[in-house]
Each structure stands twice: as C-alpha cells, then as structure tokens.
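*Asks:* Spelled out, the chains give:
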Amino acid sequence: MSPLDFLANLLNPDLAFLPKALAVAVMSSVVCGVVGSFVVLRGMAFIGDAVAHAVFPGLAVAFVVSGNLVLGGTIAGVLTAILVAVFSQNRRLKEDSIIGVFFVAAFALGIVVISSAPGYAGSLQQFLFGSITGIPDSDLWVVGITSLLVLAVVFGLHKEFVTISLDRESARALGVPVFGLDLTLYILVTLAVVISVQTIGNILVLALLVTPAATARLLTDRLGVMMALAPAIGALSALVGLYVSWSWDLPTGGTVVLVLTAAFLLAWTLGPRHGLFSRNRQRAARAASTHAGGVPA
Amino acid sequence: MAELGTVAELVEASSPTAAASAALEVREVFVELGGRPVLEHANLTIDHGELVGLIGPNGAGKTTLLRTILGVQRAVGGEVTVEGRPARPGRTPIGYVPQRHEFAWEFPISMADTVMTGLTRQLGLLRHPRERHWLAVADALDRVRMTHLAKRPIGQLSGGQRQRVLVARALALRPAVLLLDEPFTGLDMPAQELLSELFTDLAREGRAVLMATHDLASALYTCDRIALLNRTVVATGAPSVLAADTAVWSDTFGVGENSALLRILKAA
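Order-wise, the sequence lines are chains V and X. Position one of the first sequence corresponds to residue 1 (our numbering), numbered consecutively onward. Position one of the second sequence corresponds to residue 298 (our numbering), numbered consecutively onward.
To be clear, the hints were calculated from the coordinates, so they are not data collected in a lab. Note that beta-carbon positions come from the ideal geometry of N, C-alpha and C, so glycine has one too. Honestly, I wouldn't trust all of these hints.
Listed next, with one range per pair, are the computed distances between beta-carbon atoms [stated by the list, open to error]:
| hint | chain 1 | residue 1 | chain 2 | residue 2 | range |
| --- | --- | --- | --- | --- | --- |
| 1 | V | 265 | X | 429 | 43 to 53 Å |
| 2 | V | 23 | X | 422 | 26 to 36 Å |
| 3 | X | 534 | V | 89 | 39 to 49 Å |
| 4 | X | 330 | V | 156 | 34 to 44 Å |
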C-alpha cells in the first residue's frame, strides 16, 4: 500500500477508527517521549516497566465494572508506586527487589480480575498487545486532556526535576521537596503509560517510554534538544508503524516498537559524536592530538 | 580609633545578630541513626573567614554532621545556628558541595545550567531565571575560574573541573557558610593544590568554610583550624598546636604509637 492509499484510508469515513488510533498513538508517543527523557536519564527504566505492569489490575477492574480505563489504571499505578516507596524503607531489601515483588503481583491480580469478565481471552489479548479498533470518541478527549496535563506539569516543574535528578542530597539541602517530586514523576509515568496502553499494549508500552528518549540521548548532549527529539522520534515512529501494520496486516503495537528499535539502532551506528563510526573517528583524533601534546585536562 | 569604633557600632546597631554571633555554631548536637547514637554533645563554632578541616575515621559521623548542619538530618537534641539564626533547609543559605560520586555526571546539561540549579528554590515554582540570577551564576563560575567552560556539557569535564562546578553551584546562593564533603578524593596533587587555594580564598572573602577530609597532610597545611571528630568533636585547634598533641589523634582514630598517621603529624 502506498502512503497515498494510507492517507485515503485515514480519510475514509468507513474506517473512522483508523485516524482515531493514529491520534491516540501520536499523542501517547509525544507524552511518553517527554516523560521518558527523565525515565532514561534517571535510570528508571525498571520502574517504568513496573508501572506499566502495575496499571493492569486497575484497567482490569475498570473493564469488568465498565468504568473509566484511564482512571482505573492511574489509581492502580499510583497505589503500587506508594507501596514500593513504603516497603523500600526496609533497608534489608533494595528497591528493585521490592519493585520486582509488587509489579508481578499487580499483574497477577489483573489477570485474576479480568478472568472473571465474560469473553476474557479476547480482552486480555487486547490489553497485553494493544488494538487500534474500538477506541471510543470519549477516549480521544480523555487522552488529549491527560496529555496536555502531563506536558504542562513536566514543563512547569522542569527545573525542579532537573535539580533532583542531578543530586538528591543537595536538592534536599536547598529545600526542594524531593519525595513529593519523585511521587509526581511516578504519577506522570503512570499517566503516560495508561494513555498508551490501548494502542500499543501493556507489555510493549515500555518501548514507547524508553526507546525514543534513549535514541534522542544518543543524538544530543543538551536536555532541551533531547526532550524535543524524543517525542518527535516517538510520534514519527508511531505514524510509520501504524502505516506498516495497516498495509501488511501486522499487529500495531509490535510494529511500532520494531520501528522505534530500528531508529535506535540507526542512531547508535550513525549518530553524531556518540555513534559507532564517529566514536572511532574521535578516538583517532584524540590519539593524534595526544601525540601533539595538546590535550586539555 | 574613634572612627573604627563608630563603624563597629553602626554594624552592631544595624544587624545585632550578625555582628555578635559566629557564622556557624553547632551546639550540643545529638544525632541517632536507626536508634544508634552517631553524634553526641557535638560542639563546633566557625567564624567568618575561617577554613576549618573536619577530620576523623570512617564512620566517625563527618557526613552526618554536615547533613545535620544542612538540616537534611534531624538532630534529636542540640541546635545549629547560622549567623545567630536556626538553620533550615531552603531558608538558610548554606552552600553544600557533596562528594563527587553522588552527582549524575552523565546528565545532558551545561556547566552554567548546572550552577543555576543551585538557585532552584530561590527562583520558586514556575519561575524562570532573570538577569540577576544569571549574574549570580556568572559570578560563581568566575569565582572558580571556569567561565570559559560555561557552555561545556558536564560529562566532558575532568575530576578537578567537576569539583569546581559543584563549588560554583554552592556559591550561586552567595552563602555565608560553605560545607565541603571530601573534595580531594580521587584528585591528583596539582588539582588538589588549586582547590586548596580556592578554598582558602573563599574563606578569606568572609565565608565560614568547613571541609570534611581524609587528606591529613593538605588539611594541616591549608586549614586555619582542625576539628577532630569521632562521635563528638574531640578536639579543635590550629594545625600546628593540634599536631603536637599526638595523644588526641591516637584517641580519635584509635591507632597505636607507631601508626603512620602519627608519623605524618610529627613530620608536619
């Protein structure tokens, strides 16, 4: 299918679910790219994965009682984050073990809950691997408003997030509320995950959070640029992924993630300064200048 | 003489606490960690313009004392005052320079922006830096002689340069008290000497500087005063005076007569 046919399909009123899926996928990618920048820079990828799994019981409960999925997922995600924060106070166990315990438990709870719903195999697959059909119009609004809210908070608290990411102790000494900001960041990650789960699926959503931001980090040494590049890479990959999956009848979530991964590998090998080739070049340049005796400390 | 007297009176009249009290005063501080006492009856006073070395064995409570002064660690008893007022995080401008490894050096940020994070709280929520904040950052960078590297990403800096960025960040608030935690660890001698000079200058400009360090030789050489710490401030005094009293050192560190530590003291 040519891109032009894809565009025609997007505008075809009989395929109204397609532009809706595209809108949700692009909005999710933008939000995940921005929030994911902090996830990548703070080494929170495992927490991101945990949150992604932790929202599942909330989605399941909301699904069973026909409630709001975004709200259900957010409550479950935040509850798990608080549980992890509380149980991490025990110094005998490190935080990653606590996360390991709770996120699998949350996921298991979700499976048990959703199994009580009729026709559960189909809905389970939809939750785990995403689906582009059946996004109601109301979700478009929920996702849009949630996206704006998350972006507003990230930009509003930007300098605070940077300050606590650099060094928590000094931030505390400055009187910056480190715990509150950490919790806020967890909630933002939860929201980013919840709005993305529908199209990309629960298991693959981590890729949306981590891969575009990691790719952007390979391309720049400036935070501002990184936080603009990551959502751009994510949104473009969502568009390309949806196009490819629609054309060849492939699962959408998986295809989007593979496109993201391709972008990451491209940046790794060809990126300026950090890339494989330029690294070799830099090493050669450094060796040459060492011999010339002109290396600044 | 008459003129000097008038100035002193004026200072005292305008700001009675600043003139009457020390820059930093730690009084009878008692700190517990996990139910175990770490500091007991700790007393230490530092005047404006003084560079004091805080020395003691591992686990003596050096970092705990610094954290208590910052207000990050709660004291069970006692009091910390800065220029006569109780110290509170975010209210009292105390400059803090953490150990180098506690900072995320791989973060994509320039040196100037890093120094600006020292003003995060002062700027307040939803506020962007204004001209005077950038001036404070420029001043701080100039003070540590790093203006030429202001736009350099912090990941590309050497160990000595990294220590300077942390000092500049602490100076951005223009604090009266500066706390340094092991600033020399992992640095070569030329870098250490440059930093020592910087710390002396910072003290001479009127700040009270307290430096926790394991580097005995450079502390004895650089500091105006040494405070020996092991659960409490065991002794304090000018390096030359304190170095002569080997008993107090073997007491603080729990070492015998033939220890290399005592031989270093005798050499100094």
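*Asks:* Now, for every hint given, state plainly whether the structure supports it.
*Replies:* Results for each hint:
Separated by about 46 Å at the C-beta atoms, residue 265/V and residue 429/X satisfy the suggested range of 43 to 53 Å. In this structure, residue 23/V and residue 422/X meet the distance hint of 26 to 36 Å, their C-beta atoms being roughly 32 Å apart. Taking the beta carbon of each, residue 534/X and residue 89/V are about 41 Å apart, inside 39 to 49 Å as hinted. The beta-carbon spacing between residue 330/X and residue 156/V, approximately 36 Å, falls within the hinted interval of 34 to 44 Å.
Of the hints listed earlier, there is not a single one the structure fails to meet.
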